[in-house]
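Asks: Here's the letter readout for the chains.
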Amino acid sequence: MAIVFVSSNKLADFLKISLEQLKQIEEEFDRIPDDKWELIKGKDYRVVNKVREYTQTGAHAIYLYLKAHPDFINPDPKDIKKWFVDKKKHTQRAFVDHKILGNSTSLIRRQDDYWLSVSDVIAILGTRRDYFNKIIKSLIAKNLMIQDIHYTRFAGSENVYISRLGIYNIAIGMRDLITQANRKEWCRDVAERISPQIDLIIKQIEARHKEIEWAKKLAKKRDKNLCKVTRMICHSLTVHHLYSEAYYPKIAASLSNLITLSSEIHNHFHQWMGGTNKPCTIEDFINYIFEYYPEHQSLLLWLEQQKVSLGSQQPVGSGSDHVLYLPLKRITENH
Amino acid sequence: MPATKKSASSKPKSTASKSTSKTPTVVPHAAVIAAVQTEIERLVTTSDLPRATLEAFSQFILRQVYPPQPLSIKELQKAIYQHFEVANATELKKSGSFKLASSGLGKLSLSDPEDCKKIYRRLIGVLPEEEGEVGYGCINGINIFKYDLPWRVFGLDPEKATDEDIKTAYRNLSKIYHPDIPNTGDDKIFQKINIYYKSLTEKFEQWQ
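The listed protein sequences derive, respectively, from chains S and U.
Heads up, the first sequence is in my numbering, so the first residue is 1 and it goes up one at a time.
Heads up, the second sequence is in my numbering, so the first residue is 1001 and it goes up one at a time.
Only chain S is shown next, with the shape it has when bound in the complex (with noise of 0.2 Å):
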């Protein structure tokens, strides 16, 4: 769990004081080593830009000063206190976030729900198998583990997916059943921020794919709506991945991924490959027209140019895989 620090600016707001005040409680502080006022570097406070940012416990030993000094107006506790809560429910909050976005690839959308495998919710929730199984026991005893409501196996497959009202019901029985204060906390955020963090994964794809939309557009008009090939102007102008789509995804939306070609000359080529589903690089396509344009030179300069523009690439499947860079019929249709 990571620190809580208050700048100083906002210290002295909350306390009252001017910051030039605040300088000279420190220097109080610092004056006499080991004696009742003391502020300890890295436990109460932290140095950034030469200005202190204050811990919760720095914060309230100020505080104390201020209190033990009647010259100084009174400050509500409350406030820090409740700045240091919301704080920290912000910055775990942020964490549950973190790990719900890196534990999501194998989010789908099946029957007007969104589901996530029982392996990336165990992640998410950063527990153990057993205690997972106890939980899931403990659920099905109180009519919160049901069937296609809570859990389901999509047909063909023999892997359990958990709905978001599942996933719900799991981080609420694990919040009951947890001790650890912290364990707890973290239970209730993965109830609370699962169903928003989703959306706000579902939002991500939605705009990377109107990013891709673009992209095309944009090549198109780099392309002077050409055939990059045959350099004519043809009725049917498609803008082809030199890296597949579906297969290199994290490249999709890039301009240097993108070549306009004829629908003639795309479809070619892909046939060459051995079908539109076959993955293919920018590599296949380099020898594609070595193959068949030998003479095409600026072409073949052109595309060592993108080449090397878009680098060694990885494609799915090969460990990188990442939630953002699913296909978006895999969110969207409804199957």
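Hints are supplied without guarantee of correctness; some may be wrong.
To be verified - Straight line, CA to CA, 30 Å or less: simulated DSS-like cross-link-like pairs of lysine-lysine:
#1 U:Lys1099 to S:Lys99
#2 S:Lys184 to U:Lys1099
#3 U:Lys1175 to S:Lys137
#4 U:Lys1099 to S:Lys134
The hints are simulated quantities; they were obtained by calculation from the structure and are not laboratory data.
Given the coordinates of chain S, assemble chain U onto it according to the supplied hints.
Replies: The following block gives chain U in isolation, referenced to the frame of chain S:
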């Protein structure tokens, strides 16, 4: 308690919902309940009438005579706020948990008692006026189209029931609600029973 056959009428009776918040709460006197129990015992020993049928029938009669008092809108709201650990409607609307838990219920207004009841049914429990409900879709006093309470529907205690008990209860219900059973067979009800059976016997240890 074993399952009771659905009544001849296809729609649930709405006598309970006719009660207004102004009607004083009338609960059956302990002596009435004791007298009914004594009569059931007598009938079980002196006739072939099954205990479960008698108990179900007595509950039905008691509900007609002493309809349960529905919760007021304020009581419903209070229960919902407590469930989500919030103080008021503004906080509730901001709660991610509430948004998630109420998803699929459509646009909800917390000033509408029916909307509050929808939330209550899904998240808190059985509404007092719907406890022991009888009619179409009601098994063991639970309307399966309003509540998903498999253990109650199967008449089993989750702490004590064995896999064999679940199987037996499922078979008993199937004998009534399987679509092939004349008069009482019902596809919609049987589908629910099937889902409940799968849920109660789920081998979650093998989930992958």
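Asks: Take the hints in turn and mark each one as holding or not.
Replies: So, going through the hints one by one against the coordinates:
Distance hint between U:Lys1099 and S:Lys99 is fulfilled; the C-alpha atoms sit about 21 Å from each other, no more than 30 Å. This hinted pair checks out: S:Lys184 and U:Lys1099 have alpha carbons roughly 21 Å apart, not beyond 30 Å. Between U:Lys1175 and S:Lys137 the CA atoms are separated by roughly 28 Å; this keeps the pair inside 30 Å, and the hint holds. A C-alpha spacing of about 27 Å is found between U:Lys1099 and S:Lys134, which places the hinted pair at or below 30 Å, so the restraint holds.
Violated hints for the displayed structure: none, as all numbered hints are satisfied.
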